[in-house]
Every structure is written in C-alpha cells, then in structure tokens.
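Place chain P on chain Z using the hints.
Read top to bottom, the protein sequences are chains Z and P.
Position one of the first sequence corresponds to residue 1 (UniProt numbering), numbered consecutively onward.
Position one of the second sequence corresponds to residue 1 (UniProt numbering), numbered consecutively onward.
What the hints contain is simulated information worked out from the structure, not anything from laboratory work.
Even for Gly, the Cβ is constructed at its ideal location relative to N, Cα and C.
Wrong hints could be hidden among the right ones.
[Claimed, not checked] Non-contacting residues of chain P with respect to chain Z, defined by C-beta distances greater than 12 Å in every case (computed):
hint	residue
1	P6
2	R13
3	A36
4	A38
5	Q46
6	P60
7	K121
8	T128
9	T139
10	P143
11	G165
12	Y186
13	V191
14	V207
15	L215
[As the list claims (entries may be wrong)] Partial pick of chain Z residues on the chain P-facing surface, computed with a CB cut under 7 Å:
hint	residue
16	D73
17	Y79
18	H89
19	Y98
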Amino acid sequence: MLEVAVRHRLGDFTLDAVFDAPQGLTVLFGRSGSGKTSVINAVAGLIRPDAGRVRVGDRVLGDTAQGIWLPPDRRGLGYIFQEGRLFPHLSVRQNLLYGRWFSRSSLPLDPVVEMLGLGGLLTRRPGALSGGEKQRVAIGRALLADPGLILADEPLAALDEARKAEILPYFERLRDEARCPILYVSHSAAEVARLATTVVVLQDGRVIRQGTASEVLSDPAVTPAGIRAVGAVLEARVAAHHEDGLTELDACGLSLFLPRVRQDIGAPLRVRIAAQEVILSRNRPEGLSALNILPGTVDSIREGDGPGAMVSLDTAAGRVLARITRRSAEALGLAPGVSCFAVVKTVAIAREDVGGA
Amino acid sequence: MEWLSPAEWEAVRLSLRVSFWATLVALPFGLFVAYALARWRFPGKQVVNGLVHLPLILPPVVTGYLLLLVFSPRAPVGGFLQSLGISFAFHWTGAALAAGIMGFPLMVRAMRLSIEAVDPKLEQAAATLGASRIWVFATVTLPMVLPGVLAGSILAFAKAMGEFGATITFVSNIPGQTQTLPSAIYAFLQVPGGEASALRLVLVAVVVAMLALLLSEWVSRRVAARVGGA
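Bound-form chain P, shown alone:
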C-alpha cells in the first residue's frame, strides 16, 4: 500500500473498523425495532417511529451535539457507562456510536419493508405445525427477510463510511482515534498541499461505496432466488 501514506491508510482502516462495528452492533437492535414497527401494535408506536427517523431528518451536527449531551462523561448516562468502563468520548467507539445512530433509520426502513412483505399467514401455518414464536421467527420470518436485512446492513455500512457531521461534533477529529475517512478528507483540505491526499481518499471512498453496492446487489439476488424458489 505504497500509494497511501500511513496517515491516509490509518483513516481508511479506522473508517472500516468504525463502520463494521457500527453495523454489527446496530443489526440486532435494528431487526428488533423493525419487527416491532412492522408487526406489533403498542402505545407510543408513532413516537418510537419518529425517534428512529430523527437522525435522518435532523442536521447531523444536532445529532452529534445531542450525543455529546447524553454520553459525555459529565452527563448522567455517559458517567454511568464510564463507571462500567465504557467510554465514548474522543474514542473510536464514539465514532462507531455516532455512525451507528446515523445509519439506524436506513437499516430499520429496509428491514421493516421486508418484514411487512412476509405474509403473516405463513407464520400462522408454521405455528399450527408446532413452531413456537421464536422458532417461527428463526425458520420462516428471518430466512424470508434476509434480503432486506442484508440490504439494510449494507446501506447502514455505507452511511457509516460517509458519516461526518455527527462524528466530528461528538468525538472531534483525532487522527488514529476518531479521524474517519470523511474527517480526514476534510482535514487534508484545510492544509496547504493536502489536495493530493484528499483525492486519494476520495478514490478509496468511491471504490468502497461501489463495492458495497455491488455486493448487496449480488447477495440479495442470490437470496431472492433461493427464497423465491424458482
């Protein structure tokens, strides 16, 4: 990797790590919220729906500032987590948290649509054959929503790769800790002679985004063929 300087390479690696963990940790929460929104009726459902979508609509800077208010070590939640040894402030985990929250609505939307597309009659049929709720989910619902889960995850990953505003507001722009790919591009553009570095990182961003897109297309086509049963 001669063509990327160590600093550039570090930003790329950090971004991949942040996005990977942001997506992986958000996945079970996203699936649960998507299932609840698609299938359950409960009081305050619209509030939950609104909260999930908030990061999509709010300026990212506002989301980042809200995260700071909640998770800074001086805030109650952040202080409590710090006493458990979990720290987000100025740490790559904070970047992952910000990226995960920003990608969450995209993930939930894709999953919710695919869960809504599953005919509840198939789940009923599974129940009459002796499958308990959890088994119905594992053997019928989940395999059928797999394309949506994958699409949602890849969307969230791509969003996390590009996340800038909330991250820089929440955990600043520290090389090696919180300076992800977009932050690094921004930083390189602020110093004289940094354009070449910025351009190389832009190229990486484009390639990663394209790969993610192609991968999602390929995977969802394979899964759809398997589920569709043609």
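Same shape as in the complex, but just chain Z:
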C-alpha cells in the first residue's frame, strides 16, 4: 500500500530506510536521531533525498531513478505536525478549509467538526486555543484536505499526559476509519502499542525490524525507546465491568483486571504490560494483593551489561516480558522451558497503555 525507500546522507549520518506498509496505521518507531523525521519529510516531499522512491498504491510520489520527485503540494497529503502549525492569521474554520480548497475536494465540514468536537471553536484564532484543541484542529485540517496519505510527526509529543489521553482516541478512529494509509512517527512505546497496525523500527537510519505491534514490542531485542519502555502487548476482549471499578478482560481464557475502561463488553482491547512492572514467581502465589497472575513458560532470557535480565514468557494470552535482576533469575533457576507465573498489579497498567484494538 505504502512503499518507501529513502537513501540520504547528512554529514556523518546515513539514512537508508526501506519498507512496505499495508493499509492501516504504520508507526515509524525509533529514538530521536534515528532518522524518523527525515523519512517522513522525504515521504512528504519536504526534503529531496539523494535517492528514493515513494509510492502510495499505484501513485508514484517520487522516484529519483526516473527523475520524479513531486513537490509537497502535488502529493495529496494530510500532514499533522508535532507543533500543530496552524496558520495564526486565519480562524479555526479557515484553517480547517485551507487544504480542502486546494484539493478541490467537496468533503463536508460538519462531520469532521463533530468528530473532533470543534463546534465551539470555529470562529476563534489559533492563538486562543489550548494545546489539545490546536492538535484537534490540525487533525481536522489534514482530514479535510481529502488526502491519499496521512502523515503525523510525533503529534502528541508536545502535549501533557491529560491532553495525550484526549487526542489518542482520535488517532484510533483515524486508523479504523481512514481509507488511506497513515504514517505516524513516534518514540513512545505506549503510542505504538495502542495505535500501530504495523511497526517499522528505525535505528541509526536503518530499518531493523518490522511487524505488528505485539510482535515487535514483545521482542526483547527491540528497545528503541530505552529498556524502561519495553513491554509486551496483549490482545484481549472486555469480559465484564465490575461494581468495584474494575474491568475484567478475557485474554484467550486468562482473566486480566484493569481499572475501569470506556469500551463496551465484547470490545477488543490492546493492553501494554511494561516489563519492569512484572514480577515472576515459580509457584502460583497465594495471599498476594496483585490480581493478575498469568501462568507461562520461559522462552528466553536476555542478559545485558548491567544487573538486569529480560525474561520472555509464553502465556496463553501471548508473549509477556519481565525485567528482573540477574540475581533473581539465578535464584529462581529460570531457564528456557521452565514454567513460572507472571504477576502484574492492576494499578500498574497505565491508562495510556490500554486502547481499542
């Protein structure tokens, strides 16, 4: 669906990224300096790489081998920038309609305004909006351009946690409802876990891994956001909302308890379980306050230079990663094939790590 190949030299840094992404939301995942923004800007036509090819479906946006490199205004884009980049001299309504006018599109304004809750803001200037409101307008402006490809460069990075939680569901809807591919740059494992249909991991300008969110995030070798951000993603369904404020999930027969979520019973969910929040036990623990106990078998143990070890555990619900000390791993006699239990506190599952699948 989206085909990208970019080779570009910037001083000492060489970017050489190649990937194909299917329909849906593709996250370009990597730490800062890995070349994510250069890739997305090449896709947008904002930079012209030394060599490159960009294709959306059967539309060629650029192919330097054939001497084609369309300028950004002829690529049919909707680009959502980190800082919003709303036009300060135009009202919210004029900002929203800006791209629509150039694309000669006849998309109606009202559904977008309604979906993003912009009704009360239309006559305001961007200077009078909060960070979250600005970003909602930026999403609307990109959608109304009727794009053939939506780009988003860390659209949540400049927002505080509460604003992130406000904006994330809109990107989930975009992923599920947009008819065009979405390329989304991020260095946040939580965003990858919640949003990605496909993850492309970028490191030092190269693609080192590509797959679904649960495949890539449960690979202990992939740590672009740092070891503390490692955590596997489980897919589950909402089984019940309990009266004490908990939601029970069914993850392939295993029960998981979370703080109450919005989704209805039966709705699919993704839950990211941070590796450093997981405790391992050889025996099924009793008299323990933690509610989530997942039996499984050790698949592998990776040891780093430090005192830590990353244990990956196969459970019925899927792969779970646990970051424990090497001392504990030895004391428990952990080795591939050994069975043990992963213990996760309900309150350790952050709200931002749970989202509609």
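Showing chain P alone in chain Z's frame:
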C-alpha cells in the same frame, strides 16, 4: 488653502505625488529583493545586499550624480529609456526615481526583518496542504509580513518626502517639476524675505511626518492584532 502661497502649495503637492509614486513603484521590487535576501541562497547575495544598502551609506549627492551618469539622455540607459518615451531628466519622474532609490534600503530592511520572522514551518505546512509556492506566498507569507510591508512603505514614503541631496543633483530644482518640499525650503532660504515661506513649509513637513508615523503605528497595531489572533 489661503495660508500657503500657490508656489508653496505646488511644492507640497509635488512632494506628495513624488513620494507616493516612488513608494508604490518601489514596493513590489522591495518585496521581491527582501524575500530573496531573507529566503534564498544564491551567489552574489552579499553584493546585492551591498548594492541595496549603498544609497543609505553614500553621500546623497554621490547617489544623485550616479543616477545622472546612468539615466541622463546621453547615457546608454537613459538614451534607451528615452527612445521608449520614458524620460527622467529634469522631470518629476526623475525626482520620484531619486526618492525611490534613497528610500529603497529602508523599505527592504523592514520587509526583510518581517519575512525572516515568519516561521518557514508554516509555509511547509501550507505546501503539504496543496498550496503551490505562489499560493503559499499569497495566503501565508504575505498576510503575516503585512505589518513589515506597511512599516517599510511608510518609512520609504517619509524618506522620499525628505529627500534632498540626490534629487537636486539628479534633476535640479525646477519649480513645478522637480522642486519638492525640501528643495523649496532650501530655495526660499536663499532669497531675502523667504523665511516665512520656508517656515510654513517646515510646518507642513513636520505635520506630514507625524501623520505618517501615527498612521503606521495604527495600521501595524491593527494588523498585528489580526495576525496574532488574540
């Protein structure tokens, strides 16, 4: 207008006309040069920058003499223009040319500063939404630099109103044709009993300058409020 004699009134009117046309014709050139200096990288940029600023640094008499060398009907450029029916010599258009050139650096400086203050990221955003370069300029850059364009124009207008040295060297001091307000003040001071006329013209000069200043303040405040979006 009883209090101004016909000769004085003529000088005021001529000055306003010369300054108006000098500013209006210089405006698109000034905007183009300011944009090029602010945004483009090209060989000889420093030379262009220097040439634009030259009238600010050179003695006005030198600028006037250089204009004479280039635009007199006997010079190649002046001769060519005359064959097209455009004449500057001893004509009010010559005064406008001199005034425009003298005000040009002030105009370009003000515009360049305001163009440099526009975040290129906003222009990129407009391009990703489908705006071609010319539309980006018309819908994003220009509205945002409007305060600078107005400030630069008013500065250039005020400079043109006061221009003396280059004008008198280039097109002399002919009443009704090239005798602008400053030249008229100078001429009145050269004849016995002319002080009263000179003083009245000085008053006009002060009033026009103040009005221009107030107008620019008012306009740029209104535009800034609109662009700032408060």
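Against the structure, the hints come out as follows:
1. Distance check for P:P6 against chain Z: the nearest CB is about 47 Å away, which clears 12 Å, and the non-interface claim stands.
2. No Cβ of chain Z approaches the Cβ of P:R13 within 12 Å, the least distance being about 37 Å, so the stated non-interface status holds.
3. With a closest Cβ-Cβ approach of about 20 Å to chain Z, P:A36 is found to remain outside the 12 Å limit, as its non-interface label requires.
4. For P:A38, the non-interface assignment is confirmed: its Cβ lies about 18 Å from the closest Cβ of chain Z, beyond the 12 Å cut-off.
5. Here P:Q46 stays apart from chain Z, with its beta-carbon at least about 25 Å from theirs, past the 12 Å limit.
6. Remark: the non-interface label on P:P60 is consistent with the geometry, its nearest Cβ contact in chain Z lying 38 Å away (cut-off 12 Å).
7. For P:K121, the non-interface assignment is contradicted: its Cβ lies about 6 Å from the closest Cβ of chain Z, within the 12 Å cut-off.
8. Non-interface call for P:T128 relative to chain Z: violated, since the shortest CB-CB distance, roughly 4 Å, does not exceed 12 Å.
9. Listed as a non-interface residue, P:T139 fails to keep its Cβ farther than 12 Å from every Cβ of chain Z; the least gap is roughly 8 Å.
10. Residue placement check: P:P143 does not keep its beta carbon more than 12 Å from all beta carbons of chain Z (closest about 5 Å).
11. Taking the minimum C-beta to C-beta distance to chain Z, about 40 Å, the non-interface status of P:G165 holds against the 12 Å cut.
12. At roughly 45 Å, the least C-beta separation between P:Y186 and chain Z is larger than 12 Å, which holds for a residue marked as non-interface.
13. Remark: the non-interface label on P:V191 is consistent with the geometry, its nearest Cβ contact in chain Z lying 54 Å away (cut-off 12 Å).
14. Taking the minimum C-beta to C-beta distance to chain Z, about 33 Å, the non-interface status of P:V207 holds against the 12 Å cut.
15. Remark: the non-interface label on P:L215 is consistent with the geometry, its nearest Cβ contact in chain Z lying 21 Å away (cut-off 12 Å).
16. Checking Z:D73 against chain P by beta carbon gives a least distance of about 5 Å; that is within 7 Å, so the hint holds.
17. Interface hint at Z:Y79: satisfied, since its Cβ lies 4 Å from the closest Cβ of chain P, which is below the 7 Å cut-off.
18. At about 4 Å, the closest approach between the beta carbon of Z:H89 and any beta carbon in chain P falls short of 7 Å, and the interface hint on this residue holds.
19. Here the hint on Z:Y98 is kept, as its CB sits about 5 Å from the closest CB of chain P, short of 7 Å.
Violated hints for the displayed structure, listed by number in ascending order: 7, 8, 9, 10.
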